[in-house]
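Asker: What follows is each chain in one-letter form.
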Amino acid sequence: MRLRTAIASRARSHSGENPEAMKVKDEEKKMHSIISRYAFIKREQTWRFEWSDIPGGVAIAKALRTWSLSIAGILVFLLLWQATANSIDTSLGQFPGPVQVWTQVQNLADEHQRENERRVEFFERQETRNAELLAQDPNAEIRVRPYTGRPTFLDQIQTSLMTVGFGFAIAMLIAIPLGILCGLSETLYSAVNPIIQLFKPVSPLAWLPLVTMVVSALYVSESPMFEKSFITSAITVALCCLWPTVINTTVGVASVDKDLINVSRVICLPTHMHIRKIVLPSAIPLIFTGMRLSLATGWMVLIAAEMLAQNPGLGKFIWDEFQNGSSDSLGRIMVAVLVIGFIGLILDKLMLALQRRVSWDKQTVLR
Amino acid sequence: MQGYLEISKVGIEFNTESGNFRALQDVNLKVEKGEFISLIGHSGCGKSTVLNILAGLYQATEGGVILDGKEVNAPSPDRAVVFQNHALLPWLTVYENVELGVKQVFKDRKSKAEMAEWIDHNLALVHITHAKHKRPHEISGGMKQRVGIARCLAMQPKVLLMDEPFGALDALTRAHLQDSVMEIHAQLGTTVVMITHDVDEAVLLSDRIVMMSNGPAATIGEILSVTLPRPRNRLALAEDPDFVHARQQVLQFLYDKHKFPGAKAA
Ligand SMILES: Nc1ncnc2c1ncn2[C@@H]1O[C@H](COP(=O)(O)OP(=O)(O)OP(=O)(O)O)[C@@H](O)[C@H]1O
Ligand SMILES: [Mg+2]
Numbered sequence: 006m007r008l009r010t011a012i013a014s015r016a017r018s019h020s021g022e023n024p025e026a027m028k029v030k031d032e033e034k035k036m037h038s039i040i041s042r043y044a045f046i047k048r049e050q051t052w053r054f055e056w057s058d059i060p061g062g063v064a065i066a067k068a069l070r071t072w073s074l075s076i077a078g079i080l081v082f083l084l085l086w087q088a089t090a091n092s093i094d095t096s097l098g099q100f101p102g103p104v105q106v107w108t109q110v111q112n113l114a115d116e117h118q119r120e121n122e123r124r125v126e127f128f129e130r131q132e133t134r135n136a137e138l139l140a141q142d143p144n145a146e147i148r149v150r151p152y153t154g155r156p157t158f159l160d161q162i163q164t165s166l167m168t169v170g171f172g173f174a175i176a177m178l179i180a181i182p183l184g185i186l187c188g189l190s191e192t193l194y195s196a197v198n199p200i201i202q203l204f205k206p207v208s209p210l211a212w213l214p215l216v217t218m219v220v221s222a223l224y225v226s227e228s229p230m231f232e233k234s235f236i237t238s239a240i241t242v243a244l245c246c247l248w249p250t251v252i253n254t255t256v257g258v259a260s261v262d263k264d265l266i267n268v269s270r271v272i273c274l275p276t277h278m279h280i281r282k283i284v285l286p287s288a289i290p291l292i293f294t295g296m297r298l299s300l301a302t303g304w305m306v307l308i309a310a311e312m313l314a315q316n317p318g319l320g321k322f323i324w325d326e327f328q329n330g331s332s333d334s335l336g337r338i339m340v341a342v343l344v345i346g347f348i349g350l351i352l353d354k355l356m357l358a359l360q361r362r363v364s365w366d367k368q369t370v371l372r
Numbered sequence: 016m017q018g019y020l021e022i023s024k025v026g027i028e029f030n031t032e033s034g035n036f037r038a039l040q041d042v043n044l045k046v047e048k049g050e051f052i053s054l055i056g057h058s059g060c061g062k063s064t065v066l067n068i069l070a071g072l073y074q075a076t077e078g079g080v081i082l083d084g085k086e087v088n089a090p091s092p093d094r095a096v097v098f099q100n101h102a103l104l105p106w107l108t109v110y111e112n113v114e115l116g117v118k119q120v121f122k123d124r125k126s127k128a129e130m131a132e133w134i135d136h137n138l139a140l141v142h143i144t145h146a147k148h149k150r151p152h153e154i155s156g157g158m159k160q161r162v163g164i165a166r167c168l169a170m171q172p173k174v175l176l177m178d179e180p181f182g183a184l185d186a187l188t189r190a191h192l193q194d195s196v197m198e199i200h201a202q203l204g205t206t207v208v209m210i211t212h213d214v215d216e217a218v219l220l221s222d223r224i225v226m227m228s229n230g231p232a233a234t235i236g237e238i239l240s241v242t243l244p245r246p247r248n249r250l251a252l253a254e255d256p257d258f259v260h261a262r263q264q265v266l267q268f269l270y271d272k273h274k275f276p277g278a279k280a281a
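These protein sequence lines are chains Z and X, in that order. Heads up: the first sequence is residues 6 to 372, going by our numbering. Heads up: the second sequence is residues 16 to 281, going by our numbering.
Incorrect hints may appear among the rest.
As the list claims (entries may be wrong) - Derived PhoX-like pairs: lysine-lysine, alpha-carbon spacing no greater than 25 angstroms straight-line:
hint, chain 1, residue 1, chain 2, residue 2
1, X, 149, X, 118
2, Z, 282, X, 122
3, Z, 263, X, 149
4, X, 118, Z, 282
5, X, 147, Z, 282
6, X, 274, Z, 282
7, Z, 354, Z, 67
8, Z, 263, X, 272
9, Z, 263, Z, 282
10, Z, 282, X, 127
Unchecked claim - What follows is a set of in silico ranges between Cβ atoms, one per label pair, in the way DEER data are often shown:
hint, chain 1, residue 1, chain 2, residue 2, range
11, Z, 179, X, 148, 54 to 64 angstroms
12, X, 202, Z, 70, 53 to 63 angstroms
13, Z, 33, X, 144, 49 to 59 angstroms
14, Z, 192, X, 31, 12 to 22 angstroms
15, X, 124, Z, 192, 53 to 63 angstroms
16, X, 149, Z, 348, 52 to 62 angstroms
Read the hints as simulated data drawn from the structure, not as lab findings. From the three backbone atoms N, C-alpha and C, an ideal C-beta is built for every residue, glycine too.
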């Protein structure tokens, strides 16, 4: 700093004479090189770590920043939660804070472990019994019974995931083709649109009794592949998560660039090629927007449906705990709440990953 | 006498929200095989509408178009269109964009290898071979337009229709593409109908310049034959009296006899 002022004052003092001015400029240049060298040395002496010095450093710094912010956010949330929880008393005891919830996580894991051991023992016992029977009488009738223990928390999660997956799959098998047709044909759209608008806002709880009765009446087979309750939940999920995909697919298909449609017309692409080569790639981003909305809706709907219909799954787990009314119940319900949220998040991330794989446009930022 | 491409008594009326709008009335034009026609006129006069009727993308309200003895009533690769904004499919590579049309047109006539060779040939024709595996967003505007032309040429159209093909390009790129188009026209003898706003471009490229009057109910005002010998060289022509005269006539038509409709009100 001091060096710079020195140069500046010298330059000022000499600026009157013209030939001198040139010399000053030269000198200034020299000084500059000295300054920069000095700065370099100084920088080496008090060496400070800069993220930009290492390859990919900027990206790492950015990631660290986001992560640290997320962690800070979570910590604040946990503190607030604990503080609020301490001051809420319910008839089932104090509202669970993070610590109690963590205890319940461990309890639930232990229960699952124990249940698993019991299951293994059951089958071992059955096998030895059957072996004994056979040893006594080779023609003995042996029975293999399934294990009928209480489903654990993890079992319930698995059931819920299967149900939502199945329901979502049914919904997509209907919604995407329907959306494509509605987007292609204005006539069909005009015919179908009122129905879509009518059913879109219907709550799953309204569908449930109807679906339950219809499934009981129609789904009758000797050895059903799926439980009735499974089908009921899945269909309820499907009925509620159809609409976002239908609507978004329709919009995506209807808004294909007019020039591209003209290209297709000039080339005389047959309809199936037109859909495959022009319509679908254009509509993919909106189709995925719809699918993500649908999956999120489906997951929410499922929990409500399971709760109301007493169909196996996370919803039933919550309801059972609520009915149980032990001092641990609220903590266990809170575990379920967190797990539901976490699974919802993972499902959305999965859809996003799928979109990245399928989409031709690798440049847009997907969120 | 019957032309190769014949537009007779074509008129079109659009149904708009504010009632019917007559865009074209009584358009007549005969085009010889191998001829290069430019359509010029003020913005909104109906040039694109004429081209879309030729392409079969619009249906004329009255009159009709006959190409090579057959009536035009639907789009077909026979009348390939180069669009102003390239209209390449962004999810396909340059090669695949051209391939889409080729597969459709030659599906029973060429083997796979022949098709590949034909596509490469057409890419070479517009000097774009080096970018054949790139996506449209990876190449420049001029290159995109070249691909658009290759896509059309590869379908071996009877008429090549171009709607302001170089409108969105800078002057230098435009000159390059004009040279390419002249080269291709000389080599293949394709019949071309091109819309342009650029008087120099019209004179340089065309055998005849079709000047359209202003809408509504626009029609063909004058037709100017450009008899400059080919091959034409833009540098040599710049001072050529015939070139200058032709240019003068077009300008006269556009800015004197048929002022831009917006200019009248002002
Ligand atoms: N599909 C349509 N529906 C209603 N009106 C239309 C339609 N297409 C064109 N027009 C009208 O017809 C007239 C001619 O349009 P056109 O696009 O052919 O003009 P143009 O000469 O190509 O203009 P530009 O040079 O700006 O491209 C315009 O007034 C336009 O508003
Ligand atoms: Mg136009």
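Asker: If a hint holds in the structure, say so; if it does not, say that too.
Answerer: Checked hints:
Distance check on the hinted pair: residue 149 (chain X) and residue 118 (chain X) sit about 20 angstroms apart at the alpha-carbon level, within 25 angstroms; holds. Distance check on the hinted pair: residue 282 (chain Z) and residue 122 (chain X) sit about 17 angstroms apart at the alpha-carbon level, within 25 angstroms; holds. Between the alpha carbons of residue 263 (chain Z) and residue 149 (chain X) the distance comes to roughly 23 angstroms, so the proposed pair stays at or under 25 angstroms and holds. The straight-line distance between the Cα atoms of residue 118 (chain X) and residue 282 (chain Z) is roughly 13 angstroms, inside the 25 angstroms bound, and the hint therefore holds.
With a C-alpha separation of about 19 angstroms, the suggested pairing of residue 147 (chain X) with residue 282 (chain Z) holds against the 25 angstroms cut-off. The hinted pair formed by residue 274 (chain X) and residue 282 (chain Z) fails the criterion: a straight-line CA distance of about 44 angstroms is larger than 25 angstroms. For the proposed pair residue 354 (chain Z) and residue 67 (chain Z), the alpha carbon gap of about 20 angstroms is at most 25 angstroms, so the pair holds. Between residue 263 (chain Z) and residue 272 (chain X) the CA atoms are separated by roughly 35 angstroms; this puts the pair beyond 25 angstroms, and the hint is violated.
Pair hint residue 263 (chain Z) plus residue 282 (chain Z) holds up; C-alpha atoms about 14 angstroms apart against a cutoff of 25 angstroms. About 19 angstroms separates the Cα atoms of residue 282 (chain Z) and residue 127 (chain X), which keeps this hinted pair within 25 angstroms; it holds. Our hint of 54 to 64 angstroms for residue 179 (chain Z) and residue 148 (chain X) is violated, since their Cβ atoms are close to 38 angstroms apart. Residue 202 (chain X) and residue 70 (chain Z) have their C-beta atoms about 60 angstroms apart, which keeps the hinted 53 to 63 angstroms range intact.
Evaluation of the 49 to 59 angstroms hint for residue 33 (chain Z) and residue 144 (chain X) yields a pass: the beta carbon distance comes to about 55 angstroms. About 21 angstroms separates the C-beta atoms of residue 192 (chain Z) and residue 31 (chain X), a value consistent with the hinted range of 12 to 22 angstroms. The given range of 53 to 63 angstroms is broken by residue 124 (chain X) and residue 192 (chain Z), whose C-beta atoms sit roughly 36 angstroms from each other. Distance hint check for residue 149 (chain X) and residue 348 (chain Z): the Cβ-Cβ separation is about 41 angstroms, which falls outside the suggested range of 52 to 62 angstroms.
When each numbered hint is compared with the structure, violations occur for hints 6, 8, 11, 15 and 16.
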